Each structure stands twice: as structure tokens, then as C-alpha cells.
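K.L.:
Take a look at the letters that make up each chain.
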Amino acid sequence: MQFNSYIFILVFFPLTIVSYYLANRISTEAGKILLIAAGIVFYGWADWSILAVLLISLALNYLFIFFLSGRVRWKKLFLFLPVAINVGLLLYFKYLNFFIWNIDVLFGKTYGFYNIVLPLGISFFTFQQIACLVSVSRGELPRLSLIDYLAFILYFPKLLMGPLMEPADFINQINDPALKKLNWDHIACGLKIFSFGLFKKMLLADTFSKAVEWGYSSISRTTSMDWILIMLFYTFEIYFDFSGYSDMATGTSLMLNITLPINFDSPYKALSNRDFWKRWHISLTKFLTKYIYIPLGGNRKGKLFTYLNTMIVFLVSGMWHGAYWTFILWGFLHGLLSIFDRIAEKWQARVFRPIRWFFCFISVNILWLLFRSFSVIQWASLLRKALQVQSLSVSSALLKYFYLPEFQFLTDCIPALGVLSSRFPWIWMGLFLLAAFFICLIPENNYRRLHQNSTLTLFPAIIAFVWSVLCLSGETVFVYFNF
Amino acid sequence: MSRKSWSLCWLVVSSMSVLLSALLIFRTDPFFHYRAPLTDIYYYRLEDERGQNDGISRHYEYDAVITGSSITRNFKVSEADSLFDADFIKIPYSGAAFDEIYAALEHAFRYNPEIRLVIRSLDENMTFLPGERDGSFPYLYDNNRWNDVFYLLNRTVFFRWSMPMLFQLCDSEFSPGIMSLDDYSTYEHPSGLNSVSLNGVTQLPAGVPIHLSPEDAEIVRNNLQEHVISLAVEHPNVDFYCFFPPYSILFWQEKVENGTIYEQFEMNTLAAEMLLRYDNIHLCSFGSRMDIITDVNNYSDSFHYERWVNSLILKWILSGDYELSPASFQQKLAEERDFYINFDYNSLRNQEDYECDLFAAARVNQELTGAEPILLNESVFSNDRSVLLPVLTGQRFLCFTAKQEDANSTAAVRLQDESGHSITVHDLDPESFADQEWHSIVLEIPDMSSYTSVCFDQLNNSGWYIRDIILY
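Heads up: the protein sequence lines correspond to chains X and P, in order.
Here the first sequence stands for residues -1 to 481, where the numbers follow the working numbering.
Here the second sequence stands for residues 14 to 485, where the numbers follow the working numbering.
None of these hints come from the bench; they were simulated from the model.
Nothing here was measured: the structure is a model prediction, and the numbers come from that model.
Backbone N, C-alpha and C fix where the C-beta goes; we use that ideal spot for every residue, glycine too.
Hints are not guaranteed to be accurate.
With the Cβ distance kept under 10 Å, some of the chain P side facing chain X (calculated, not the full set) [what the hints assert, rightly or not]: (1) K17; (2) L21; (3) L24; (4) F122; (5) F163; (6) N167; (7) F171; (8) T215.
Work the whole structure out from these sequences, hints included.
P.N.:
Okay, structure coming up:
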């Protein structure tokens, strides 16, 4: 099930929220069981068979958590084993065919791929389970009951695409008696951020996505200018898609009185690569920092190890996103940029801020294209095409994706607008880009303004919600769903 | 504003807005999902095949169906009604494979047991397997009322259909109704060699023959059995008129050059063999009409013929002249195949691309209506002139040639009836004649017989010259 679906908005969530508060009147445990049931339904809605891997993973991990909670010898072994199993499962589902493909290429043989169906959200729930295991072993969660554990892992607002959350943070909130009653402040703020998140996904991300899809399916017919724009479109697509999801997750969770951690903090305002990674997918960055970077020594073992640890984290991040060389290269290049940032930190601070912003934004743009491309070779050729700048012409087929049914209706009603639209067919694309840049660069992040609610936000939230609901029939998937 | 008020206000206004949007779509129902069109209240456009076809077959009154791929889009329902003495609907599915056409007909029979006649194309894609279709509205085709939410809360339906229908009511000149099925889903594109074959025609050597593989033959058999024959068996009292579309000579050239012409005709032969076993299936092949097929002026691309060919197809189907029989289909199809294999494609290079595409329509009008061409005026004139029209027996095209030697003045062609009432049918724009050469004009005037004279106005001292006025 997805947030941007009729079943979630019209049926599942209204039923869940009402049932949750009613269940909490019975007992806290009843409320948690309700959330667990909701999580199971949310996860298995499209296909109940996919629950199998998740449930087996849950059972296995809790068994080790049970042992880790007690007084056991060889605690490190009881920690290492399940972490290895989790990582092993992740490697199997995500990377086995990639590994086989590379062996085929290296040795010129054909071993044949396995028909592996990637469980939804495996990257996220695996990392959450690892976080649980480590927290229990460190004593941060002295007594983690089965119900609390299941409620944490199966918590549907973050189950499929995060944000990754500290187990202790969630457990404290879910057991806080003060958070068991309906809170109108949370409801209002949750509705607001959910509405804006849905708008980001349905109107912005999905529109940019169609234009990007056209580009990739019609490469031979595209121009240089098309690819400069498509790079920009994908940059916005992936941001609005993922941050839209995060906003919806935050809003949904807030209405259940659970505050999720911030995941995006206006990343396109970043002035450097390191700044960017403090703002983009913050929960993943924190997780990798806590569970990989710091255990490896972080920046405590001299500059060389700092750079090495940084590179390892980025390579892991790249691989986490997908089993293709494009993601690995993406991680590697971000790692290089991050290392460069560290080295050049002092003199960068002296550079004019808009220039710093520009170079950061351009580098992120270029690397996102790698993210979207089928192969490194394709990425390189598209980049070459964009940089050749043979002409400034933009394909009309690209422009038409921005001429939404809503705009067609407006141009039919307002003849002058129709004339303007036919004389300047790029006007709607321009409007989208303007809106995208404005949202990304000017106002404060939705999460930071979470509790700012007033009459001024009411009607924009209503318009955003209603308009987005009308767009749901398009049935689109989130980009990060694949991870 | 308190948070509670904010939340309740959001809930109430959002819910009401969503509900109202759904109600508007439900009420206007532009895809006729719930009811027949309310033609006394709204004006309905017919523009979306996959959105509206099911609604048309569900709520229109009819006893005959025209369906098939995009090459059936240009059929005129009124012509079919008149020729077959039936009430037709037209439900074309551009790009459809056999399974989609089958599903459409199967639904139509379920909605309307009165159907007695089906005309459908048997396209060359007989080996296409069922698959996903772009731009479709699957939720309109099933009995699941729950997924109607995709229709009732749909931005495209809301903004492109329902809202314009509502706003039209405010127009003082608004008149309710519905677009004619004749105009539904039609296309008109430039035809002729210069439009269809941009790089000209070059005959390449015939390719290595490719024959229908056993696997593909099995797919074709299954496709035909499940998606064509099954309907005929289920409805033995319904006449099914199937036809192999008369694709253009350029389509066949490509088939010859890549060797697949053998495969195609083996498919067609297999289809004929299977279909002709049934008395209520009539299969036509128009391959012997090489005068049409080899004239690229009848086509807008290698597949799609212009609307006058659709009119001819209806006439041909009714006449039975091109209907295949169990005894002769193999020979006829073999003759067609051999014609294409042996045809001199280089001869197409010199084929005239009519300046006015409608001239190709004019040329076939005699076959359609029986009306012979009439030469009204052969000589050149440059003054205002009124030419009396003879008694017309089906002529619908006014053709003449014009030249202009003065860049500034316009002229007009007008038709006048016996009471003196006249209409301007064409303005001669000097910009189109700036080269001061003779140019052909063809005007289609369906009701030409209600007029008594054709007048050429504003010619005096204007530099306009007219000649060769012919009625087709």
C-alpha cells in the first residue's frame, strides 16, 4: 500500500487512526497491537505472500534480541550473527544477481540469474532491525517486549521508505501515556504536512517524472537542451518524490502522536557536498555514521583514515541504493566530493556563497543523472549530449508533459492565456521550474515549520490535498520504493 | 484559529470538495459509465476511444457494430446505417490487439443482445499477444464498482471533460447535444507520396523469405479461435463481416524487402481457412483493388487509408464482390501475394502527389455514388461568372484550377440556390497563389444538389484566372 492511494487516504488511514485512539482507551498494548495489525495490512495489501520474508526476518531477529536482553555469554557473537544474517539476506535479495552478472562478464560465462523477488522495503526494515539489535546489546533498550519490537519494525508510516528511526526514540514515544490521547495540534499539523507532501508527490514529482521518462525512452530524438532540462527535472523529481513521501510519513505519524525524525532539510540550499549530506536523507546518513563510520574510527584516526572511512560510508550508501555499477559510482563520486570538501574546507568558506551553491547544485544534478541511468556508459553519453549544447531548442514532446489538464482547462476558459500558451509553449514548463526552485530555495522546510499552523495555511493545505486526490488515479510509485 | 477548528475545517472542506468533484463527474458522466448521455442538458464531445467506447456500447441504441484498430476510425456510421439498413455504433481501438477487440465485442453483446451485425478489421498483428494497453481505463470495463473511484476522482476527467461541460452551460450560445459518431475518432492527415514516403521510393532486393513458424502459427490459431471465432460461435444469428485492411503498396514493399510477405500471407491464409468454416463469418480481401492500393494519394501512411477508402470498404462489403469463399481463398490470396512480390516499386517514384488530397476522394466518388464526372467549364476566364449546375446525381466535389497574378486581391466561390440564397464555400487566398502558377482546388460539398449554380466572385480586374471546372 502507498500513501498516495485511494485505499490509504479514504479507507485505511481514517479507520486506523480512529481504531488506534479507541484501542488506546482500552490499553496501551491494545493500541500497539492495532498498529502492528495495521502495519501487516499496509505491507501485505498488494500481495500477502510478500509478508513471508518480513515475518521470518522479524521472528529470527527477535529470537536474538531475546537472548541479547538476558545475561548471555558471547554477547558479541549473539550480536554479530543476526547482523550477519540480516546483511546476508539483504545481499542475497539485492545483490546476488548483480554478483552473478559480474562473474559472467569477468569470466565470459553465463551462469543464469535467479528469479528473486525483492521484498518491499527490505533495505529499511533490515537497517531498523540492525539498529534494534545494537541498541539492545548496548543496553539502550533494557527490556524490549515482542509487542514493542513488532510495533517499531512494522510501524507503517516508516515501514517501506523510512525515515530510519532510533529504536529508543520510538519505544519511548509509543509508551508515553501523554501521547495516547487525541492531540488536535498534532492532527492539524499532521494534516497540513501530509497535504503538502501529497502535493509534492502527485503534482510536482510525478509531472517531472513523466518528462524524464520521455527523455530516457526517446534518447535519439532529444536535443542537448532537453538533457540539460531533464537533468534538472530528475533532480526535482527525486527530491519531491522522496521528501513528499517523508512529509506524508511525518504527517501520518504525527496524527498518531509519534514524531518521526527529520529526513530532509532543504538539501538544495546546500553550499557544499558535506552540507548536502547533512540535509538529504538525514536518517540514512545518521545510521551509516553511527553504525559504520564511527565503529571504523570516524575522524579519530588521522586524516587518511577519515578520508577512507568517508569513502567506505559513501560506497555502502551507493550499494544500499541499488545493485548496479551506477549506484556504486554515484556513491564513489559523492565520496570523492565529500573528501574534497574536507580538504578544501577553509578556502571554500572564502568563496562567494552563490558560487558555492551553484557548484554544489550542479554536481548534485550531474550525479543524480547517474542514479537514473541504466548504465555508466549511458550516463556518460547523456552527459556528453547535454554538455555539447548543439542548440537551445527544446523538444515540443518534452514541453507537453507540463501542459496539465488543469492548464488546458484554464487556457480554454481564458482565451488570452490560450494565446500566450500557444505563442510561448515553454511557459508551463517554466512555471514548474520556477515553482520547484522557489519551494526548494526560498521557504523554510516543511518539517521545520511543522507546528506553524494558522488560517493562512488552511486553504493552501485544502487545495493541495483535494487537487492531489484528483491526481491519484495516475497510480504512480515512489522512486525510493525500489530500494 | 484553534488547532481543533483548523482540523475540523480541513476535514469538512476537503471532504466536501472531494465529494463535490466526484458528484460532478458522476452527474456529467462524460464516459457514459453510469447512464446514457444527457443530451438535453450537456454537450458531449466524443474524443477518447478507450474512455468512451465501453459507455457507447453500454448506453447507445444500436443493432450493429463497427470495430477494429485505428484503420476503422474513419468509417461513417451514417453511411453504414444507410447501406446495411441498421443502426450502427463505431468503437475503434487504435493500436489494439485481437484480445482487446474481443473484449469490446464481448461487452457489447452482453450489454445489447439485439446486435445482428458486426464489421471488424482483421489486422496484420495476428501474432500479438494480450498485453497492457496505454491510455486505457480498465476500471470502466469491469463490474467492480469500488474501482470507479479512479473515474470519479480523476483529474483528467474532471478538468478536461466535466468542468468544461459545466462551464459551457454559462455560454449564452450553448446548445446541448452530442458529437456525431460519424465525427468520432476520425483522422485526416496529408496523403500522397511526399507525405507518406519522405525519402522517396527506392526498391531494394527482395529479402530472404520468412515463413510462419509453428510457434507463431499456434499463436495465430489461438488468437483467432479465442478472439474472433468464439464470438461467432456464441452468436450464430449475428453476421460477422471481417476484412483484411487494404494497406498501402508501401506497406507491402517493406514486407517484400524484409521477406515477411510470405509469413503475412500464410497468416492471412490460415485466418481465412479457419474463419470461412462458419456461415456467419464473411471475410473480405480487397487485394485485387490495386488501383486503390497502389495509389498512395489514398493513404496518410503505409497503414492508414483516408476516409473515402472507408466508404469504399463499406460498399465493397455490402456488394460481396470481394468476399472470400472456401473454394477460392487460397488462390486469391496467393495472387495478391504474387502481385506484391512482382510489383515494380520503382514505378511509384513518378506517381503524382495530388496538390489537393481531396482529389483522390473525388476520383472515387463515381464508384461510391454512381455519379459521373461533369465538365462544367474548360476554358479560362477572369471575370465574375455564374455557372449553372446540371441535375446532380451524387456529385459532391467541385474541382477547378486557379491562378493569381495580383498579390493583393481575394476572390470567392459561392453556391446559390434557386431562391437566390447563397453561401460562400471557399475564399481564394492570394498568399497561396503567390507563385502565379496554376493550382488545383477541390471542394467537398455534400449537399451540392440543393444548389443551382456555382459563382466565382471578385474576379473582375483582380488578376484571378479560373479554368477546368469539373464536378465529381
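K.L.:
So, for every hint listed, does it hold in this structure?
P.N.:
Status of each hint after checking the structure:
The closest approach between the C-beta of K17(P) and any C-beta of chain X is roughly 4 Å, which is under the 10 Å cut-off, so the hint is satisfied. The interface hint given for L21(P) holds, since its Cβ lies 9 Å from the closest Cβ of chain X, which is under the 10 Å cut-off. Hint on L24(P) holds. Least Cβ distance to chain X is approximately 8 Å, under the 10 Å limit. For the restraint placing F122(P) at the interface with chain X, the shortest Cβ-Cβ distance is roughly 28 Å, beyond the 10 Å limit, so the hint is violated.
For F163(P), the suggested interface contact is upheld, since its CB lies about 4 Å from the closest CB of chain X, less than 10 Å. Because the smallest distance between the Cβ of N167(P) and any Cβ of chain X comes to about 4 Å, under 10 Å, the interface hint for this residue holds. Contact between F171(P) and chain X, as hinted, is supported at the beta carbon level, the nearest pair being about 6 Å apart and thus within 10 Å. Evaluation of the T215(P) hint against chain X yields a violated restraint, the C-beta minimum of about 23 Å exceeding 10 Å.
Hint compliance for this structure: hints 4 and 8 are not met, and every other hint is.
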